[in-house]
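Novice: Okay, here's what each chain looks like letter by letter:
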Amino acid sequence: MKTIQVQDLSKILKPYSNEWVALSEETNKVISSGQNLSKVVEEAHKKGEKHPVVTRVPKDYGNYVLGF
Amino acid sequence: MPLKFPYKKFPQNPNEAFPDHKQAQRPVIPITVKYKDKEIDYLALIDSGADFCIFHGEIGQLLGIDIQSGKKLEFFGVTGEKESAYFHEITINIGGRDKHCYCGFSELNNSKLPYGILGQRGFFDMFKIIMDYKKNRIELSAN
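Line by line, the protein sequences are chains X and Z. Under our numbering, think of the first position of the first sequence as 1, with each following residue one higher. Under our numbering, think of the first position of the second sequence as 1, with each following residue one higher.
Listed below are the simulated PhoX-like cross-link pairs for lysine-lysine, each with C-alpha atoms no more than 25 Å apart in a straight line:
1) Z:Lys-82 <-> X:Lys-59
2) Z:Lys-4 <-> Z:Lys-99
3) Z:Lys-34 <-> X:Lys-29
4) Z:Lys-135 <-> X:Lys-11
5) Z:Lys-4 <-> X:Lys-50
6) X:Lys-39 <-> Z:Lys-112
7) Z:Lys-34 <-> X:Lys-46
8) Z:Lys-36 <-> X:Lys-50
9) X:Lys-46 <-> Z:Lys-36
10) X:Lys-59 <-> Z:Lys-112
11) X:Lys-59 <-> X:Lys-14
12) X:Lys-29 <-> Z:Lys-4
13) Z:Lys-38 <-> X:Lys-46
14) X:Lys-11 <-> Z:Lys-112
15) Z:Lys-112 <-> X:Lys-29
16) X:Lys-59 <-> Z:Lys-22
17) Z:Lys-4 <-> X:Lys-11
18) Z:Lys-34 <-> Z:Lys-71
19) Z:Lys-36 <-> Z:Lys-99
20) X:Lys-39 <-> Z:Lys-36
21) Z:Lys-34 <-> X:Lys-47
22) Z:Lys-38 <-> X:Lys-47
23) X:Lys-50 <-> Z:Lys-38
24) Z:Lys-34 <-> X:Lys-39
25) Z:Lys-22 <-> X:Lys-11
26) Z:Lys-135 <-> X:Lys-29
27) X:Lys-50 <-> Z:Lys-99
Simulated from the structure, these hints should not be mistaken for lab results.
Make a model of the complete structure from these sequences and hints.
Specialist: Take a look at the structure:
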């Protein structure tokens with residue numbers, strides 16, 4: 001199994017605490033952000049990004065041990 | 001052919017146990033969540049410790065789902081606090097493959113949920129999954 005390049009979103013997402021972010025599908029750059037997901041997606045579409053990838057940036061990027 | 005994804009790095013706050021950690025490398029992949037004629041691309045964490053899939057309520061709302069009309073489940077999440085999710089029949093697309101998924105949507109404005117969660121039911125039961133942390137590589141094959 002070959003090693004592949006990690007996609008580093010650590011610096012890109014840091015300024016967007018507690019917001020929805022739309023990322024470019026190709027470059028992973030932030031296209032739009034805000035509290036309202038619908039508006040964030042609409043703005044990304046207006047900027048020409050047909051398929052933005054959305055994610056929620058938490059208020060505090062703490063240390064997660066996930067599992068239900 | 002397996003679908004291949006890289007790990008992603010996210011910000012992390014340094015702490016007493018890991019004072020040098022400013023990033024966390026996690027098995028987060030892009031998925032497309034579909035409902036009727038609507039769809040949205042979304043980042044989701046592969047979490048073998050989760051019993052089921054949970055996505056943000058806002059994702060369901062954007063797709064036109066009446067979140068609270070779904071079957072309700074109370075569970076204990078990240079913080080140990082009781083949380084609620086409402087389950088709906090949707091489709092998720094990963095790497096061009098559509099899969100039916102009975103998935104929970106969180107209450108709206110759940111700021112504790114950092115990503116969508118891909119758990120045992122709805123994800124692990126559909127794919128054979130290899131996660132190689134050192135090689136930064138995730139591989140999914142259809143079961």
